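There are 2 protein chains.
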Amino acid sequence: MSNPKDVIAAARVDGTRLWASLEQMAQIGATDKGGVSRLALTELDRASRDLFVSWAREAGCTVRIDRMGNIFARRAGRNPAAAPVLTGSHADTQPKGGRYDGIYGVLGALEVVRTLNDANISTEHPIDVVVWTNEEGSRFAPAMIGSGVFSGAYPLEYGLSRADSAGTTIEQALEGIDYDGAEAVGGIDVHAVYELHIEQGAILERSGHTIGVVTGGQGQRWYELTLNGTNAHAGTTPMDLRRDALAGAARVITFVEELGRRYAPHGRATVGMIEARPNSRNTVPGECFFTVEFRHPDANVLAEMDAALRDEVASIAQRAGLTSQLAQIFEYAPVDFAAECIGAVRSAANALDYPHADIVSGAGHDACHLARVVPTGMIFVPCIDGISHNEAEAITQKWAEAGANVLLHAVMHSAGASRVV
Amino acid sequence: MSNPKDVIAAARVDGTRLWASLEQMAQIGATDKGGVSRLALTELDRASRDLFVSWAREAGCTVRIDRMGNIFARRAGRNPAAAPVLTGSHADTQPKGGRYDGIYGVLGALEVVRTLNDANISTEHPIDVVVWTNEEGSRFAPAMIGSGVFSGAYPLEYGLSRADSAGTTIEQALEGIDYDGAEAVGGIDVHAVYELHIEQGAILERSGHTIGVVTGGQGQRWYELTLNGTNAHAGTTPMDLRRDALAGAARVITFVEELGRRYAPHGRATVGMIEARPNSRNTVPGECFFTVEFRHPDANVLAEMDAALRDEVASIAQRAGLTSQLAQIFEYAPVDFAAECIGAVRSAANALDYPHADIVSGAGHDACHLARVVPTGMIFVPCIDGISHNEAEAITQKWAEAGANVLLHAVMHSAGASRVV
Numbered sequence: 039m040s041n042p043k044d045v046i047a048a049a050r051v052d053g054t055r056l057w058a059s060l061e062q063m064a065q066i067g068a069t070d071k072g073g074v075s076r077l078a079l080t081e082l083d084r085a086s087r088d089l090f091v092s093w094a095r096e097a098g099c100t101v102r103i104d105r106m107g108n109i110f111a112r113r114a115g116r117n118p119a120a121a122p123v124l125t126g127s128h129a130d131t132q133p134k135g136g137r138y139d140g141i142y143g144v145l146g147a148l149e150v151v152r153t154l155n156d157a158n159i160s161t162e163h164p165i166d167v168v169v170w171t172n173e174e175g176s177r178f179a180p181a182m183i184g185s186g187v188f189s190g191a192y193p194l195e196y197g198l199s200r201a202d203s204a205g206t207t208i209e210q211a212l213e214g215i216d217y218d219g220a221e222a223v224g225g226i227d228v229h230a231v232y233e234l235h236i237e238q239g240a241i242l243e244r245s246g247h248t249i250g251v252v253t254g255g256q257g258q259r260w261y262e263l264t265l266n267g268t269n270a271h272a273g274t275t276p277m278d279l280r281r282d283a284l285a286g287a288a289r290v291i292t293f294v295e296e297l298g299r300r301y302a303p304h305g306r307a308t309v310g311m312i313e314a315r316p317n318s319r320n321t322v323p324g325e326c327f328f329t330v331e332f333r334h335p336d337a338n339v340l341a342e343m344d345a346a347l348r349d350e351v352a353s354i355a356q357r358a359g360l361t362s363q364l365a366q367i368f369e370y371a372p373v374d375f376a377a378e379c380i381g382a383v384r385s386a387a388n389a390l391d392y393p394h395a396d397i398v399s400g401a402g403h404d405a406c407h408l409a410r411v412v413p414t415g416m417i418f419v420p421c422i423d424g425i426s427h428n429e430a431e432a433i434t435q436k437w438a439e440a441g442a443n444v445l446l447h448a449v450m451h452s453a454g455a456s457r458v459v
Numbered sequence: 039m040s041n042p043k044d045v046i047a048a049a050r051v052d053g054t055r056l057w058a059s060l061e062q063m064a065q066i067g068a069t070d071k072g073g074v075s076r077l078a079l080t081e082l083d084r085a086s087r088d089l090f091v092s093w094a095r096e097a098g099c100t101v102r103i104d105r106m107g108n109i110f111a112r113r114a115g116r117n118p119a120a121a122p123v124l125t126g127s128h129a130d131t132q133p134k135g136g137r138y139d140g141i142y143g144v145l146g147a148l149e150v151v152r153t154l155n156d157a158n159i160s161t162e163h164p165i166d167v168v169v170w171t172n173e174e175g176s177r178f179a180p181a182m183i184g185s186g187v188f189s190g191a192y193p194l195e196y197g198l199s200r201a202d203s204a205g206t207t208i209e210q211a212l213e214g215i216d217y218d219g220a221e222a223v224g225g226i227d228v229h230a231v232y233e234l235h236i237e238q239g240a241i242l243e244r245s246g247h248t249i250g251v252v253t254g255g256q257g258q259r260w261y262e263l264t265l266n267g268t269n270a271h272a273g274t275t276p277m278d279l280r281r282d283a284l285a286g287a288a289r290v291i292t293f294v295e296e297l298g299r300r301y302a303p304h305g306r307a308t309v310g311m312i313e314a315r316p317n318s319r320n321t322v323p324g325e326c327f328f329t330v331e332f333r334h335p336d337a338n339v340l341a342e343m344d345a346a347l348r349d350e351v352a353s354i355a356q357r358a359g360l361t362s363q364l365a366q367i368f369e370y371a372p373v374d375f376a377a378e379c380i381g382a383v384r385s386a387a388n389a390l391d392y393p394h395a396d397i398v399s400g401a402g403h404d405a406c407h408l409a410r411v412v413p414t415g416m417i418f419v420p421c422i423d424g425i426s427h428n429e430a431e432a433i434t435q436k437w438a439e440a441g442a443n444v445l446l447h448a449v450m451h452s453a454g455a456s457r458v459v
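Those sequence lines, one after another, are chains X and L. Here this note's numbering is used: the first residue of the first sequence is 39, the next is one more, and so on. Here this note's numbering is used: the first residue of the second sequence is 39, the next is one more, and so on.
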């Protein structure tokens, strides 16, 4: 393997080292049930950041923190003027989260740097291993605020002023854990972005694929609906005199589910929250509030789903003698990842001979913000039974290693890898 | 009108006096919105009882209180050994109740006594105007406990030991307002029972009838259901991999509503309470709890509805990949009122030339307990828009007068009225 090209093609991460790092990091905020509870910008988040920073420095990186607390651990490139390749994810978790959501993409990226060091491979572009602040949104809303400010979706002042339920702002919380960095947020040239993440769904595992080549992110539309009828005595009110808001909602819920199926395989349609009022066993509910959310990678399909929902709600309400209020409260346009990044991921998976399939991300990720401004790609690995945002979240060491190998080769491709001889 | 029979046939209540009594009583616990809040065995309930007792004594009645706090105000009959005709209802209200639910039947019965006094009409049987304790069940569960103990549905010890949410028992609360009577509860001969009540539904008003001749009470079956699937990410979980408990519940709710319609006009089928878990906008609900209640006057139909529900829940759960738990938590057999009492009510409405129709009570009433042990009838008058258990509950003075006139003549019939000359 004296040929530099052969050395680069043969480069592989150390799956055992990666797994050990994941295990060690999972001790910070470990729960009794084997999960992790490490909310953004808490003392536990500080501990996880400190551990990452110490490992990154051991791997020779230079660490910078920006004003949103985003961490950039740079492995220098051959050309100091070249724009960096960014790769990473987040270290915060849901209140009862798992050991891999987010942190796998951070430690996978760190493993890429360690592997390049071990193999004496240099890159033309610097590589920044990134930890994005407050991806989960569990403590501070909205989610993905660190990457959102970085990519210009939100102003810095907005990001710093977001407050948790106790009234503590992100700015205050960053000071509290000494991650209130001095660097400007964003506004720099970025050559490419790669994010490695667990799928958080069951598609890859069911279809037997180890690698998901993420082609984009679903667009989303979220709604709040209220149907109003009349509270009525369940015993004295004949069926034909009722204006039953919950019965109306039930028909809408069934329609929403069928609408999601109509746009298979990418369509998602969910009623996650419902509240009937007065919510009494022997009173016909006069009011029902519920939420609807649609996801699809095609904005035109989302517009069709929107129109179908509005028509059907009006029709159901009219037939049931109800009034309806339907408000779209959130919209997120579909994201298309960059062809060159998708191609680099697919080529890496091919070269490494991993079973892979194209996939659309159903969840939001930091990469979705970045994709709107710089060339971006994502790599998914399966998670067992699709379970995520749950202490039972699990992946295999083989999957972890495969995803990091694909990331390694995609990053080497974009960063311009050479053997240092 | 020197003919005693003509005098009896011509007897009419004083609608103005009845209305004035209703108005005065409605001041006790009056709410800003024109309703009444007078929970059982509170100081306000004591005040309403005291006012009733003072009025009954002014009307020449002898007042007895039993150990459940039920009040019996007796107008003596010609035959001291004859079993009494009982007529009355309750004085307690819902937390935000109306001015007529219950108390109309009490003051209508008092108006009957006043009218008999004015017209010098005696009866063979004594007439007991009754106030039953804790009909609403809002403070102490179960509802209708005073009449329930009186008619043997519950032991006395059970009735006295029911506690409110603060832990105060009915026995303690009765002592607290000095209505812990000495009389035994029930165990006496009763000649007939009549209860006058607002319909608490919209059937009579819609059909243009002033009087409802109540032929019986609906049987009831109450259920609790839980469907279990899997909590899943609304973005990453394709429709065909979901086990959505709320979507399953929606299909059951639609089926329940259709089942009620299948057994029109008497069938009632209601889902009043629902709780989806985790009840998060972007999580497919893995669990859904909801209640179902059926009502029908025919026990065989209730058994059919029960079987249909069980079949459909099993089928929906199976198709949706859910597990189901279905428990019947309450059953109340249909009540048939006594033919002679129904006949007396119908004859009175005919003789008085009030538009009337047979009706089945959808709600539970004290009369339903009594009907299981003694000949019992009920009279309904409409209430505006069917609104009850609501501060907006309303009736017209004409309806109030009509109902009391029917009660007067039904009671005179059963009690054996004669002119005192």
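Because the hints were derived from the structure by calculation, they are not lab data. In this text, all values refer to a predicted model and were calculated from it rather than measured experimentally. It cannot be assumed that every hint is accurate.
Distance ranges between label pairs, derived from CB positions [stated by the list, open to error]:
| no. | chain 1 | residue 1 | chain 2 | residue 2 | range |
| --- | --- | --- | --- | --- | --- |
| 1 | L | Ala352 | X | Gly72 | 30 to 36 Å |
| 2 | X | Glu213 | L | Thr206 | 24 to 30 Å |
| 3 | X | Ala341 | L | Ser318 | 21 to 27 Å |
| 4 | L | Glu262 | X | Asp88 | 35 to 41 Å |
| 5 | X | Pro316 | L | Asp216 | 32 to 38 Å |
| 6 | L | Glu262 | X | Asp396 | 41 to 47 Å |
| 7 | L | Asp216 | X | Ser353 | 58 to 64 Å |
| 8 | L | Ala352 | X | Asn338 | 37 to 43 Å |
| 9 | L | Glu296 | X | Ala341 | 30 to 36 Å |
| 10 | X | Ala120 | L | Arg357 | 24 to 30 Å |
| 11 | X | Ser353 | L | Pro303 | 23 to 29 Å |
| 12 | X | Gln65 | L | Pro316 | 22 to 28 Å |
| 13 | L | Pro316 | X | Asn155 | 51 to 57 Å |
| 14 | L | Glu378 | X | Pro316 | 22 to 28 Å |
All residues carry an ideal CB built from backbone N, CA and C; glycine is no exception.
message: When the structure is checked against the list of hints, which entries are broken? Sort them ascending.
response: Of the numbered hints, 2, 4, 10, 13 and 14 do not hold.
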